[in-house]
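2 protein chains.
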Amino acid sequence: MSDFRSFEDFHPGEDIVLGSKTVTRDEIIAFAREFDPQPFHLDETAGETSLLGGLAASGWHTIAMLMRMLCDGLLLHSSCNGSPGVEEVRWMRPVRPGDTLTATARVMSTRALRSRPTLGVVTFLMTLVNQDGHAVMTQENTILFERREAAA
Amino acid sequence: MSDFRSFEDFHPGEDIVLGSKTVTRDEIIAFAREFDPQPFHLDETAGETSLLGGLAASGWHTIAMLMRMLCDGLLLHSSCNGSPGVEEVRWMRPVRPGDTLTATARVMSTRALRSRPTLGVVTFLMTLVNQDGHAVMTQENTILFERREAAA
Numbered sequence: 106m107s108d109f110r111s112f113e114d115f116h117p118g119e120d121i122v123l124g125s126k127t128v129t130r131d132e133i134i135a136f137a138r139e140f141d142p143q144p145f146h147l148d149e150t151a152g153e154t155s156l157l158g159g160l161a162a163s164g165w166h167t168i169a170m171l172m173r174m175l176c177d178g179l180l181l182h183s184s185c186n187g188s189p190g191v192e193e194v195r196w197m198r199p200v201r202p203g204d205t206l207t208a209t210a211r212v213m214s215t216r217a218l219r220s221r222p223t224l225g226v227v228t229f230l231m232t233l234v235n236q237d238g239h240a241v242m243t244q245e246n247t248i249l250f251e252r253r254e255a256a257a
Numbered sequence: 106m107s108d109f110r111s112f113e114d115f116h117p118g119e120d121i122v123l124g125s126k127t128v129t130r131d132e133i134i135a136f137a138r139e140f141d142p143q144p145f146h147l148d149e150t151a152g153e154t155s156l157l158g159g160l161a162a163s164g165w166h167t168i169a170m171l172m173r174m175l176c177d178g179l180l181l182h183s184s185c186n187g188s189p190g191v192e193e194v195r196w197m198r199p200v201r202p203g204d205t206l207t208a209t210a211r212v213m214s215t216r217a218l219r220s221r222p223t224l225g226v227v228t229f230l231m232t233l234v235n236q237d238g239h240a241v242m243t244q245e246n247t248i249l250f251e252r253r254e255a256a257a
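Residue numbers (this note's numbering), protein chains in the order written: chain W, 106 to 257; chain U, 106 to 257.
Hints in this document: simulated from the structure, not taken from any laboratory. There could be a bad hint or two in this list.
A few chain U residues that don't get close to chain W, going by computed Cβ distances all over 10 Å [unchecked claim]:
1. R130
2. E139
3. P142
4. I168
5. V194
6. R211
7. M213
8. T228
9. T232
10. G238
11. R253
Quick list of the computed label-pair ranges, beta carbon to beta carbon [claimed, not checked]:
12. U:D148 with W:T129: 42 to 50 Å
13. W:P222 with U:L218: 43 to 51 Å
14. U:E192 with W:H239: 32 to 40 Å
15. U:I121 with W:A217: 36 to 44 Å
Quick reminder that beta carbons are idealized off the backbone N, C-alpha and C, glycines included.
Could you put the whole structure together from the sequences, leaning on the hints where they help?
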């Protein structure tokens, strides 16, 4: 199998390690300022008095970092053609400045599309763990890939 | 009711209009460069040859813009204490440069927490429509709010 993946190259049960990312305080605050300016994503003191127990990244920033790892580790070397949606996003632990996050994509299922014979759908369970081995987020992504050989 | 909302101020069936946002080509490309550098989010020609049919915002950028409207239109004037997760994200139509997106949050259900008597959970159906009145995205968000009067 080459490094480039088409629909046929995904097999249920396979784990694909996507890469790692260390997040800085400046990145957490810059994302929050633009997209999620809640106090506990901007300021240590506000974070400490919140349920998050300290300054923590916006959950959407955490997802965006996962998406970048998914692009670099898989999608940019594939026949990816976008995604219709995502299921069951779970934010399980706060993401702190200095945390190193590692992303894995488990192939859950694959299905060729009857309606569009050039495409197939792959469902992944994405897991993001921190440097202590604790899961900070999971989500189920459905992604469209072109087939190497379209159905007759 | 004041403008500030606690858990008790949400009622199933209510629609809360969160605001609007016009997205530029530069914003679409800047987000994609950082978090989702797939060709159809960066380049008109690549977009035209993809399923998206033209340059289109990353779905995660669309969600981040919704989150900003949710903050400005509701959460920053509320007792919001974060969110454990999101269900059923659906990207229904491409978001193009120049599109004006309007967000609405429908209150689906409310539930006081037994395990944490100072908090309640509100589930929303978020809908983002474009300037033509077409839905471009929906998602179900579960958000924690402090109660004005904690249970005895």
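Against the structure, the hints:
no.	hint	result
1	R130	holds, 17 Å
2	E139	violated, 7 Å
3	P142	violated, 6 Å
4	I168	violated, 6 Å
5	V194	violated, 4 Å
6	R211	holds, 18 Å
7	M213	holds, 17 Å
8	T228	holds, 14 Å
9	T232	holds, 14 Å
10	G238	holds, 21 Å
11	R253	holds, 17 Å
12	U:D148 with W:T129: 42 to 50 Å	violated, 29 Å
13	W:P222 with U:L218: 43 to 51 Å	holds, 49 Å
14	U:E192 with W:H239: 32 to 40 Å	violated, 23 Å
15	U:I121 with W:A217: 36 to 44 Å	holds, 41 Å
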